[in-house]
Amino acid sequence: MKSLKHLNLSRNKIREIKGLDTRVNLEWLSLHSNRIRKIKGLERLKKLKHLNLKRNHIKKIEHLSALKNLEFLSLGGNNILEIQNLEQLTNLRGLNLSCNRISEIEGLETLNKLSSLDLGYNNITEIKGLDNLEDLVELILEGNKIQRIPHLGALKSLESLFIQRNLLDHIADLKNVDGINTYIGENPVAKEINEKYGGKVNCDGELMWSEKLRRELYGYS
Amino acid sequence: MSNQEFVLFRGKKYFVEDGGLSLLYAGVSDIDELEGLQNLISLSSLNLKGNNISRIEGLEPLMNLRSLNLGNNQINEIEGLESLENLTHLTLIGNNISEIKGL
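Listed in order, the protein sequences are those of chains A and B. Each residue of the first sequence is one higher than the one before, counting from 16 in the numbering used here. Each residue of the second sequence is one higher than the one before, counting from 259 in the numbering used here.
Mixed in with the good hints, there may be bad ones.
Unchecked claim - Listed below are the simulated DMTMM-like cross-link pairs for lysine to aspartate or glutamate, each with C-alpha atoms no more than 25 Å apart in a straight line:
id, chain 1, residue 1, chain 2, residue 2
1, B, LYS307, A, GLU42
2, A, LYS17, B, GLU343
3, A, LYS20, B, GLU340
4, A, LYS33, B, GLU315
5, A, LYS215, A, GLU174
6, A, LYS53, B, ASP276
7, A, LYS17, B, GLU340
8, A, LYS20, B, GLU357
9, A, LYS20, B, GLU337
10, A, LYS61, B, GLU357
11, A, LYS75, B, GLU357
12, B, LYS359, A, GLU58
13, A, LYS61, B, GLU343
14, A, LYS74, B, GLU357
15, A, LYS20, B, GLU315
16, A, LYS64, B, GLU340
17, A, LYS33, B, GLU340
18, A, LYS28, B, GLU340
19, B, LYS359, A, GLU174
20, A, LYS190, B, GLU315
21, A, LYS17, B, GLU315
22, A, LYS17, B, GLU335
23, A, LYS33, B, GLU337
24, A, LYS62, B, GLU315
25, B, LYS359, A, ASP36
26, A, LYS33, B, GLU335
27, A, LYS33, B, GLU318
I should point out that these hints are in silico values taken from the structure, not numbers from a laboratory. Keep in mind it's a predicted model, so treat the numbers as computed, not measured.
Construct all of the structure, not just a fragment, from the sequences and the given hints.
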């Protein structure tokens, strides 16, 4: 079965990645919702473009550096503590690390083709380490512990920021997301906007700008 | 069309259309065993998802098979697929497979 390009083994009881090293034509592989503890046995699959290892028991990002053609990688719903060993994957366009235990945004500097980054539901306290991601269109930081939004000017392509369920409490920081579709529901600042500034945070958490809010932030009348 | 390929399941014929056979869309979802698959040598796509298949067998003659979907069955082991040299797409989502082998 040398010709195999697309293999979906999601939702099984697989504990170990093995037996795939000679399937070198694989371009698409999903092993989500299995019982995998370690990333290994994929080094020779150099044509791989799409790899889904969501909902397993992986603790460490490793042994992926050879997969230079990888464009989409999902490691959501594992037990990952640190973003590491991704530097070589410079063709990545989509990266999902949601629902892990990551506390710092790091190790993404070289991934300048990244267009979608999902770091939702981790333990992140600070937005940083993203300045090189000029092609980033969508940034998901929902369900973290972020208090401040810094200047995001380096993210020239950013269209949407999902940062619901965090600890945002500085209304002035909203200047940094002017022009970006921003979802800020369930933050201290969302309550403040709705109560004081005639602004509105939609039921889906999107920030709707109002004159009063602009006046508050920019000081013009 | 007397030369049209088909399988027989509980006495009913299911015909191959455009090189593909999809029984779920034909309303069949309780297959445990299929008869006549070995005759479908030109079949390129086979979809048997959502049945009660516990063992992959009898697919060896399907040399032209490119796409095989056996998702949501009761399969424990990947087997009987080695000879399918043209297979490019394989879906085994939602089975009881504990080991990657037989590919």
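Taking the hints in turn, this is what the structure says about them:
1. Between LYS307/B and GLU42/A, the direct Cα distance comes to roughly 22 Å. Compliance with the 25 Å bound is thereby established for this hinted pair.
2. At most 25 Å may separate the alpha-carbon atoms for a hinted pair to count; LYS17/A and GLU343/B meet this at roughly 7 Å.
3. For the hint linking LYS20/A to GLU340/B, the alpha-carbon distance of about 15 Å falls within 25 Å, and the restraint holds.
4. For the given pair, LYS33/A sits about 23 Å from GLU315/B by alpha-carbon distance, which is consistent with the 25 Å threshold.
5. About 19 Å separates the Cα atoms of LYS215/A and GLU174/A, which keeps this hinted pair within 25 Å; it holds.
6. Annotation: proposed proximity of LYS53/A to ASP276/B is violated, straight-line Cα distance about 42 Å (limit 25 Å).
7. Restraint check for LYS17/A and GLU340/B: satisfied, since their Cα atoms lie roughly 9 Å apart, inside the 25 Å limit.
8. For a cut-off of 25 Å, the pair hint linking LYS20/A to GLU357/B stands: about 19 Å separates their Cα positions.
9. The straight-line distance between the Cα atoms of LYS20/A and GLU337/B is roughly 18 Å, inside the 25 Å bound, and the hint therefore holds.
10. With a C-alpha separation of about 22 Å, the suggested pair LYS61/A and GLU357/B falls inside the 25 Å cut-off, and the hint holds.
11. Between the alpha carbons of LYS75/A and GLU357/B the distance comes to roughly 21 Å, so the proposed pair stays at or under 25 Å and holds.
12. With a C-alpha separation of about 17 Å, the suggested pair LYS359/B and GLU58/A falls inside the 25 Å cut-off, and the hint holds.
13. Taking the CA atoms of LYS61/A and GLU343/B, the gap is about 20 Å. The hint holds against a cut of 25 Å.
14. About 20 Å separates the Cα atoms of LYS74/A and GLU357/B, which keeps this hinted pair within 25 Å; it holds.
15. With a CA separation close to 22 Å, the supplied pair LYS20/A and GLU315/B stays within the 25 Å bound.
16. The straight-line distance between the Cα atoms of LYS64/A and GLU340/B is roughly 24 Å, inside the 25 Å bound, and the hint therefore holds.
17. A C-alpha spacing of about 16 Å is found between LYS33/A and GLU340/B, which places the hinted pair at or below 25 Å, so the restraint holds.
18. The straight-line distance between the Cα atoms of LYS28/A and GLU340/B is roughly 21 Å, inside the 25 Å bound, and the hint therefore holds.
19. Proposed proximity of LYS359/B and GLU174/A is contradicted: the alpha carbons are some 43 Å apart, above 25 Å.
20. Under the criterion of a C-alpha separation no larger than 25 Å, the hint pairing LYS190/A with GLU315/B is inconsistent with the structure, at around 63 Å.
21. For the given pair, LYS17/A sits about 20 Å from GLU315/B by alpha-carbon distance, which is consistent with the 25 Å threshold.
22. With a CA separation close to 19 Å, the supplied pair LYS17/A and GLU335/B stays within the 25 Å bound.
23. Proximity of LYS33/A to GLU337/B is assessed by CA-CA distance (about 15 Å); at most 25 Å being required, the pair is judged to hold.
24. For the hint pairing LYS62/A with GLU315/B, the CA-to-CA distance comes to about 30 Å; that exceeds 25 Å, so the pair is violated.
25. Our distance criterion of 25 Å between C-alpha atoms is met by LYS359/B and ASP36/A, whose separation comes to about 11 Å.
26. Between the alpha carbons of LYS33/A and GLU335/B the distance comes to roughly 14 Å, so the proposed pair stays at or under 25 Å and holds.
27. For the hint pairing LYS33/A with GLU318/B, the CA-to-CA distance comes to about 24 Å; that is within 25 Å, so the pair holds.
In this structure, the earlier hints numbered 6, 19, 20, 24 are contradicted, and the remaining ones agree with it.
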